[in-house]
Structure formats: C-alpha cells, structure tokens
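Number of protein chains: 2
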Amino acid sequence: MNYSYVSHLYCPKCSQTYDSDQVHNLCQCGSPLLVSYDLHTLKKDWKRDDVSTREASLWRYHELLPVKDRSSVITLGEGMTPLLTMHKSGIDMGIPQLMMKDEGIVPTGSFKARGAAVGVSKAKELGITELGMPTNGNAGAAWSLYAARAGISSTIVMPVDAPKITRNECAISGAHLFLVNGLISDAGKMVGQAVQERGMYDVSTLKEPYRIEGKKTMGLELAEQLQWQVPDVILYPTGGGVGLIGIYKALRELQELGWIDSEKMPRLVAVQSEGCAPIYEAWKNGQTSSVFWPNSETIAFGINVPKALGDFLVLDALYETDGCSVTVSDDTLLEEQQRIAEMEGAFVCPEGAAAFAAARQLRKQDWIQEDDQVVVLNTGAGIKYPDTVDVHVPTLEPGETLPTV
Amino acid sequence: MNYSYVSHLYCPKCSQTYDSDQVHNLCQCGSPLLVSYDLHTLKKDWKRDDVSTREASLWRYHELLPVKDRSSVITLGEGMTPLLTMHKSGIDMGIPQLMMKDEGIVPTGSFKARGAAVGVSKAKELGITELGMPTNGNAGAAWSLYAARAGISSTIVMPVDAPKITRNECAISGAHLFLVNGLISDAGKMVGQAVQERGMYDVSTLKEPYRIEGKKTMGLELAEQLQWQVPDVILYPTGGGVGLIGIYKALRELQELGWIDSEKMPRLVAVQSEGCAPIYEAWKNGQTSSVFWPNSETIAFGINVPKALGDFLVLDALYETDGCSVTVSDDTLLEEQQRIAEMEGAFVCPEGAAAFAAARQLRKQDWIQEDDQVVVLNTGAGIKYPDTVDVHVPTLEPGETLPTV
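Note that the protein sequences, when read in sequence, are chains A and B.
Counting in this note's numbering, the first sequence runs from 1039 upward without gaps.
Counting in this note's numbering, the second sequence runs from 1039 upward without gaps.
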C-alpha cells in the first residue's frame, strides 16, 4: 500500500514519457505533460468504500494524487466542497435535477486552491525553493498562500485589472508581487523571461503537470457524492480549462478502477464569455485547437484567457463526451448571478453565474433535457468580486423609522 | 430514532421552560432562551461512531440540533471546517501544538453561516415568513442568504461602516437592506421598533434560541476532529459571544452523552479588542455581567459589541472552565494577521488574528504552557476585509524585466 500510485509523466501529444521524480515542465514537443498512475495495481489495493471515512479534503484520494510522501502534503483543508440541490432555480430553468458543486467553499475562496495544494505539495517534494507565475488573480492568490505555507518563495505577476482582493492575498503571504499594465499574456512573457534567466520553477497554467491533478479531485468528489454515479451534464466555466481536463481525466481513471460505469460519461460543456470565446469558436468549427482571441474582455475575469495551452485537451474532452461549448454575455451572467442569489441563497462568482446562464440557454435549445441530471461548477465565492454587484441602499439616521417596503 | 432529540426551551436565568414547537424569543424575565435535548434517550439511540460516515456538514449532528423534520433543513453545505496544524507559528509562539479551526471555509465566508443555517431552518419549520435583524455585517449577510434559500423575507439594518462586501451579500439576496449612520445598537433599536409594529420575527443575536445551536456545532466538530478529546485551551474572538457559549454547551452535551471525558473541559478564552472590552473588564473584576462600553472602536468589526445580551453566559463559561479574557490592540492584531499569512499561508480575518495574538500573549505570561494543545477559532475569511491589508505593489509596463528582489 503506497501513499501514491503515481508511475510517470507522459505527453498526450507525442507520447514521450518522463520520470515523475524529476522536475519537468512541458514536453520537448511543447505540449503539457500529464500524470499517469499504476491503476492496475491500485485496482487491487484500493476499494471505493475505503475513502468514505477519510477526512473531508481532497487528500482522501491520495492514492490518485502525485505526492508520494504524506509528509510532503501542504494543506489548508481544501476539497470535499458541497454538492447542493438547486431546486428553485432548477424548476425555473426547467431542469428539476439541477445541482451546484460550490468551489467557493475552499481556502482562498476559489477552486484554484485545489491546483495550488497539489502543485505546491509536489513542488516541495521535488525540492523546489522558488516558483513564478502569471495570473488573472485567483491562481496567484492560491499559489502564493500555499507556497508560503510550504516555505517556497513565489513571484507573481498579474494585470492591474485583476480583482483587487487577490492582490491582498498575494501581498500578505509575502509573495514578490508585480502588476502589469496589460493582459495575462503580457504577464506570462515577463514571468517566462524571469524563469529563463533566474531558474525559478514555472507554475504557469499547465506548464507544470500537477495543478491538473489537484483540479481532478472535483471529478472524484462529484462521483463519490453521487454514490459513484455520474451526472448527465457538467457545465464548467472555461478559461484555461484545467478543471474540465481534470474532471475528464478523473472520470476516466475511475472507470479504469471500475468505481463508476465504464459506459457512461457526462456530456461536458465548456462555458465561455462572448467577449473571449476561443474554445467555443474552435468547437463550433470542429477544430482540435483554438486561435488566439484578440482584445478579449469580460467581467468574468477568470475566463478571460485568449489562448489556452491545453485547448486541444479541452476540445478532445468535449468531442469524446458528446459535449459542447456555449457563450454567455456579461449582462446575461450578471442577471443569472442575482437570480441564483435570490432563489438559492448562493452568492456565486461571475464565472459560476455564466455556467448557470449557459444551463438555462442549453435547456431552451433542448440540448439539455428536462430529466437530465445537471451539475454546474461554481468556481469561486461571489465575495471575491465586490464590484460585480451594484448596491443602492438607503442610509438612515439613528432613531428613524424603517421605511415599509 | 428521531431526526432531532430536542425537548424544550429553558431560561438559564429563571429556569422557566417553553415549548420548542412554538415561536419564542426571550424569556419573560428578559434572558435569552436555550435549547434542551432528551440526552437520556439520545445516549441510548446514538453512538459517536455513527457520525463518522455522514456528510461533511454540521447536519451530521442533526440529533443534537433543533430541526425536527429533515425536510425543513436549509443548507448551503456549511460546517466540518478544517482543523489545521499551525506548525511554524506555533513554534514561533512557543506553542508547538497550536491549531486553527478555520471558519472562513463556509458559505458566506464567516462562521455566521452556522447560526443562520440552523436558525433559518428552524424559523422555516415554525412557519416564519419574515425576519428582521441588526448586524455588524457578516450575520446579516448570512441570514439574508439563508432566508432567501428558505423563501423567507428579511429586513437587515447595518452601520454604514460595516464591511462593504456584506452589503453586497444582503443586497443580492433580495433582502430589505438599510444602513444606519451609527452603531449596531442604533440598528438594533430601529429593528426593535419594526418588530413590534410589524410583527416580523426578531433574529437579533440571542433574541431567538436557535442561532446558538448552529454555533454549537463548532464544538461538536472540534471534539470529533480530535478523536473525541478536547484541547487544553480554546481561544475565541468575542463580540456577542454566541460561539463561545455554543462551544461550551456542545462540550457539556457531549459529556452527558459520554462521548468525551466528563472530567476535562478546555480553558475557554474570550478575546476582545482594546477598543471594546466589556467582557474583559467584567472578567477582570470577577463580575457576572458586563457594563456597556461607550465609544467602542476596533478594526475587528465583528467584535465591536459594546454590551452582549449573553454576557452572563460567556462569563459563566470562563469561570466554569478556569478560562480568562484578554484584550489585543488593532496594531498587534494586524501584525499577527500578516505573520499568520506569511508563516501558514492562511489569510485569517482581523477577529481571528486577534485570537492568535492573544495566544502569543498568554504564552508569554505562561498562562498557556508549552505542552498545551491550543485551538484558535478563526471566525472568517480574510478576503471579506480587503481594507485591512495595506498593499504597495509596483506596476510595470508590458515587456519590462521583473526587478530582482
């Protein structure tokens, strides 16, 4: 019984393999690397009932994670987020079996915590002492806080427009934080230069193989929370798409372990913004990779990614599961955000709201059927985005009578 | 096997009892009411191992909660927050066994979610359709969101100085929100008038009996997470003190059930701000109730409560457990907040930071011993308080080289 059943790294493009005990970033061919496990042995050693009494964090699946030594684990208690029924909004949309997996209920308030927890833990295990990354905000916040816990120094570059609270998170953790008067792609170039010249570990999206393993746990948890069934549809707000790739990978691994039905996969939906829709465009045209989206803009900052390194993996997952991609306007997602709060008491992030709006749209188009079981991933807490809510509140003087409404 | 073993309400001051199937607020004598359970029967029906495989939310303890019908439960997945080791800061303070129970990892980002979940569920079960409350921000946010989920209308009044993000939470839930150019006590008077004139349900702190039952679950979880042991010391940032009263009540109930040792109680510490320290003053003078603290002021807004309705219960818990009260300055708590982020990767709220600073102080005074197991309650996520962190970050132009540090 090993703590991890990780076996090696492999390239999903050219099939080259690499040693997972050494530091690797991209494949020689330029593709992201993925992590492989000895599922054959694991299938004999591990039963799904074994996890039911474990602690409520993503580390309950440590056999399927890349960290080999328990003592390398850097945790703030992330994972096993709630899977909630969305009864009123589901009825409203004509999807009675609508559910939300709420990734706002994690350290740092966004699903980026999963990737950071596993990525930083593995970086520590590999002896990394300094990491660097560009970010739209939430990933930088998560990685700098987990890096602080691990004693790893971090250098973070984010656009000046990124959510302000994520600056605070980076700054208070002691990260070396810089703003750039530009986009995440500008930040990426500056980090790339620093990586080359100074030898820090590049933890940009998919440039190291372990973030995706953290995100993968959303899929593992979802299957467990549905008693080892999968839903009919999963909607995921897609920027870099790591979570979608991760969920797909998780479900394939569970199929190989025999923990879920090998015949049924959920139809995966990549939800994008009208102002930044490279995956949508590629999917619509049946292409296997996307084209850089110029002048991208959306209030859902987390999905403002003009060209994702893992686009081909996202598209592959859509095609393999009979999924699709849809776009949502900023106005539509803001309306949906308010509706979800009023009906369900859940203050979701703009990206999550986009995914709910997409569910409504796909139901109208009958792509989602009334009896489908549908799960929306809300990737963060609404409280991280105070500027997306317009508040007009009357101010009274002490002793005044409350106006009737 | 009942879903709940609630038996009745009772007054901790005059011992009067009340029917828990009817709507009650305060006792005739003016005291808050507490909830009693049929622990004698429950002890026979329920074993502590029964909870280990239940869902990771506070509802895993439904037998010890007041909601009688499972269908009344209004949940956003709150509870079973992480209990984290705080190794580096513990060593730094001379308390190697320092831990944090992180109440930032809940819906709405603060521990107020626990009280709201149980309070709103019971209100729904009792047929309430409209509730009202004054708030310093976080409680109003939590209650209005849970009320929205329950289909209950809410009226919330908060000081203009309350954290801005909590306004957004109330507003987006559809609550009737008003600001008052004054303190929570001013808000309280205005709500009190509306309650009398319009008959809405008053859910001010301790004016209904069920919020404390939600908060109580922090104590239940803590005991379970420590394998049904209790720590030596628990530090709790104390405003209204409901959480401290709740934890004390939880541990007494677990003792009666025989789930924890009946001889050992943790020493409870009520942490206050130097700018608002009524409980501290009362404790220092051996009194059983507190005096209104005029012109109170602290950056830790959640513990800015000049006179708590449950002060006598807080003080009783301190005396009964050989606990104490301490005060912390705003400067000290801000320093501690940064230290905890840099050392542990945890961005705690100002109130939680105050409790860590208090632990450091009590260790220096040798009130906490080196071998004590010490738990700090962090009552909310730091991301809800963007203004407490001063950030000075250089802004670069695209293409610039990152400065070396």
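Calculated directly from the structure, the hints in this document are not laboratory data.
It is possible that some hints are incorrect.
Identical chains share a label here; the pair holds if one copy fits it or two copies do between them.
List of simulated lysine-lysine pairs, DSS-like, C-alpha gap at most 30 angstroms [said to hold, decoys possible]:
#1 Lys1202 / Lys1126
#2 Lys1227 / Lys1085
#3 Lys1051 / Lys1202
#4 Lys1345 / Lys1202
#5 Lys1202 / Lys1322
#6 Lys1126 / Lys1106
#7 Lys1227 / Lys1081
#8 Lys1402 / Lys1245
#9 Lys1245 / Lys1085
#10 Lys1227 / Lys1202
#11 Lys1345 / Lys1245
#12 Lys1085 / Lys1202
Because the structure is a prediction, the values reported are computed rather than measured.
Status of each hint after checking the structure:
When the C-alpha separation of Lys1202 and Lys1126 is checked against a cutoff of 30 angstroms, the pair qualifies only between copies, where the shortest distance is 28 angstroms, while the shortest distance within a copy is 33 angstroms. Taking identical chains as interchangeable, the C-alpha atoms of Lys1227 and Lys1085 are never at most 30 angstroms apart, the minima being 45 angstroms within one chain and 58 angstroms between chains. Taking the closest pair of Cα atoms, Lys1051 and Lys1202 never come within 30 angstroms of each other, the shortest separation being 37 angstroms inside a single copy and 48 angstroms across copies. For the identical chains of this complex, Lys1345 and Lys1202 are intra-copy neighbours only, at 24 angstroms inside a copy versus 35 angstroms across copies, given an alpha-carbon limit of 30 angstroms.
Neither within a single protomer nor between protomers do Lys1202 and Lys1322 lie at most 30 angstroms apart by alpha-carbon distance, with minima of 35 angstroms and 42 angstroms respectively. In this assembly of identical chains, the alpha carbons of Lys1126 and Lys1106 lie at most 30 angstroms apart only when taken from different copies (23 angstroms versus 44 angstroms within one copy). Taking identical chains as interchangeable, the C-alpha atoms of Lys1227 and Lys1081 are never at most 30 angstroms apart, the minima being 43 angstroms within one chain and 64 angstroms between chains. Within a single copy, Lys1402 and Lys1245 get their C-alpha atoms no closer than 38 angstroms, and across copies no closer than 46 angstroms, so neither meets the 30 angstroms cut-off.
Taking the shortest Cα distances, Lys1245 and Lys1085 never come within 30 angstroms of each other, neither inside one copy (32 angstroms) nor across copies (49 angstroms). Within a single copy, Lys1227 and Lys1202 get their C-alpha atoms as close as 22 angstroms, which meets the 30 angstroms cut-off; across copies the closest is 36 angstroms, which misses it. For the homomeric pair Lys1345 and Lys1245, the shortest alpha-carbon distance inside one copy (14 angstroms) is at most 30 angstroms, but the shortest distance between copies (55 angstroms) is not. Taking the shortest alpha-carbon separations for Lys1085 and Lys1202, neither the intra-copy value of 44 angstroms nor the inter-copy value of 48 angstroms comes in at or below 30 angstroms.
Checked against the numbered hints above, the structure violates hints 2, 3, 5, 7, 8, 9, 12; every other hint is satisfied.
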